[in-house]
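**Student:** Next come the chains, spelled out residue by residue.
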Amino acid sequence: METVVKSELDQKTIKPKRKLSLKRVLIYTTLTIFAVVNAYPILWMIINSFKSEQEFQVDQFGLPDTFVLENYVNAWNTANFGVLFKNSIFICLAATILTVLIGAIASYFLSRFTFKMNKVVYTFFIFGMLIPIHATLVPMFILIRNLGLLNTPVTLIFPYIAFHLPITIFILTSFMKAFPKDIEESAVMDGCGIFRIFWSIILPMSRPALATVIILNFIYNWNEFSFALVLINDPALQTLPLGLASFAGQFTTNYGAQMAGLTMSLIPIVAFYLLLEKEIVKGMTAGAVKG
Amino acid sequence: MHAVGRRRGAIILGLLPALLIYVIFAILPILQSFYYSVMEWDGFSDMTYVGLANFKEVFADPLFWNSVKNNIYVVLASVFGQVPIALFIALLLNRKLKGLKIFRTIGFLPVVLSTVVISLTWSLIYNSEDGLINELLRSVGLESWALNWLGDTNLAMIAVCITVIWQFVGLYLIIFLAALQNVPEEVLEAAKMDGASEWTTTWKIIVPMIWDTIIVAVILCIAGSLKTFDLIYVMTHGGPSHSTEVMALYMFNETFSQLQYGYGSAVSVLIFFFSLLLIYLVNKIFGKKMI
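Taken in sequence, the protein lines are chains B and G. With our numbering applied, the first sequence covers 1 to 291. With our numbering applied, the second sequence covers 1 to 291.
Wrong hints could be hidden among the right ones.
[Unchecked claim] Which stretches of chain G does chain B cover? Using the computed rule of at least three CB atoms under 8 angstroms from a CB of chain B, they are: (1) 32-40; (2) 102-116; (3) 144-156.
[Said to hold, decoys possible] BS3-like mimics (lysine-lysine), calculated; alpha carbons at most 27 angstroms apart, straight line: (4) G/LYS204 with B/LYS278; (5) G/LYS101 with B/LYS23; (6) B/LYS23 with G/LYS96; (7) G/LYS98 with G/LYS192; (8) B/LYS278 with G/LYS192; (9) G/LYS227 with G/LYS284; (10) G/LYS227 with G/LYS101; (11) G/LYS96 with B/LYS278; (12) G/LYS284 with G/LYS192; (13) G/LYS284 with B/LYS23; (14) B/LYS282 with B/LYS177; (15) B/LYS177 with B/LYS116; (16) B/LYS23 with G/LYS56; (17) B/LYS282 with G/LYS227; (18) G/LYS227 with G/LYS56; (19) B/LYS23 with B/LYS177; (20) B/LYS177 with B/LYS119; (21) G/LYS101 with B/LYS282; (22) B/LYS282 with G/LYS98; (23) G/LYS69 with G/LYS204; (24) B/LYS23 with B/LYS119; (25) G/LYS227 with G/LYS96; (26) G/LYS227 with B/LYS23; (27) G/LYS56 with B/LYS282.
It is worth saying that the hints were derived from the structure and are not from the lab. For clarity, every value in this text was computed on a predicted model and none was experimentally measured. Even glycine gets a Cβ: it sits at the ideal position worked out from N, Cα and C.
Generate coordinates for the entire structure from the input sequences, incorporating the hints supplied.
**Tutor:** The following block contains the structure:
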């Protein structure tokens, strides 16, 4: 009796397991193909950025025989990467900090206070997510020109803030709304002012949502191209994407230097991504699904 | 009374910076787009009111319709490329697998990268002489298949669309994964108890449950593809002979290389309405199924 039951049990446990493992192999194969297609173009470029021009011509697929750094030196010098990095870091940080700060204050009043125009102002901000950036390029160029801001170090900061406030306010407001209603009461009893409450209670409590909007803003600002293309033509003020585009346009046949330049520009954003991957995914889903 | 007055002051003070920048640098430009669209203007001399003449001229230009057609290709490639691939991979990833995190990390990586970097990398991949694709074809003896991918009017659009799909699959993958995690476990267990196969469970239960998210993804996809600009600007500049020119690029070329600010604004306005129309249509078509 016992042995029969046991063998039956064995059969039961073995059979699904075998079926499962075949399925698993298929799943893993598919996922691996997907991962290779996703990552290989970038890897191919990074690997070949270390090869000499001759080696690249002969063998594109292997690892480099010796790691040649010449491409990097060439790219750094001809494309003025030092200047590009400096500009990108400054604009990206300034725009991100200002957007989050200004957006957080606005979100605080929109989410924690009831006043007549509350809903109207909120909807007005959210509407900004529908504005196609390219439809504003011409008037933006004229506006910036009339303000005398064309080709200055702060040119790009204003459009970047304006176009990322909607998503920033959207995420922060929905987060701050969820705090319990009486959170400010004891602080008011202690004699805290409105801005003090914002700074020492609401802001620290919003840390997860702040992380999300900081990351989103940083990625958008770091990669932005269209506004930079139209509003900046002084090489000394170019950002990284803009500088890369014109650099590649001038050195079409120097593949090594191009790939080295691209690899260098990848480092900050890839490092940022790998470091904060979990938060980024959270932020992207929160922002994208509803935005 | 005094306290209320002070609070109103604080509210205004808190919202002012955000409102000011947002109105000046996002709302004003989009409104000006409408204003400039009925003007004849080179950006420097006096404007003259021309009514709907710009729009008539746009509609009469075969190059505009060519850019609309190309834009529709990008929309179709994105909707039927990105969404199904992302959904398929998300369904595969939505189980207890080892290494799930790695696949997710690699899957999302292209989304974080700058479009300029992606465009330049893929330009190198498509390069007619030393590109990755042609090298690959030569190495397996398919020498005759090696083509000038971005230089051929028949192939360039396909090449561009493949890159577009590659860039954004990860975004929808993450959105779908987030939605799948919200499908309650009990529902799936109940289906399993009733003997439903995985195929049935997927099509009869999981997909209907995340249908709303799929629609949102389709809408995001359409809105995103209509904004395609950076990628094509860097990869082909709209060429060869306008074969990859999309609406935003047509607008850019007409405005900034021909200095027709009124005409370009008319195209901008059309882009704005075109995306609203498409999004409305998608809502209308899928709206019934959503209930």
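**Student:** For which of the previously enumerated hints does the structure constitute a violation, in increasing order of number?
**Tutor:** Per hint list: 3, 4, 8, 10, 12, 13, 16, 19, 23, 24, 25, 26, 27 violated.
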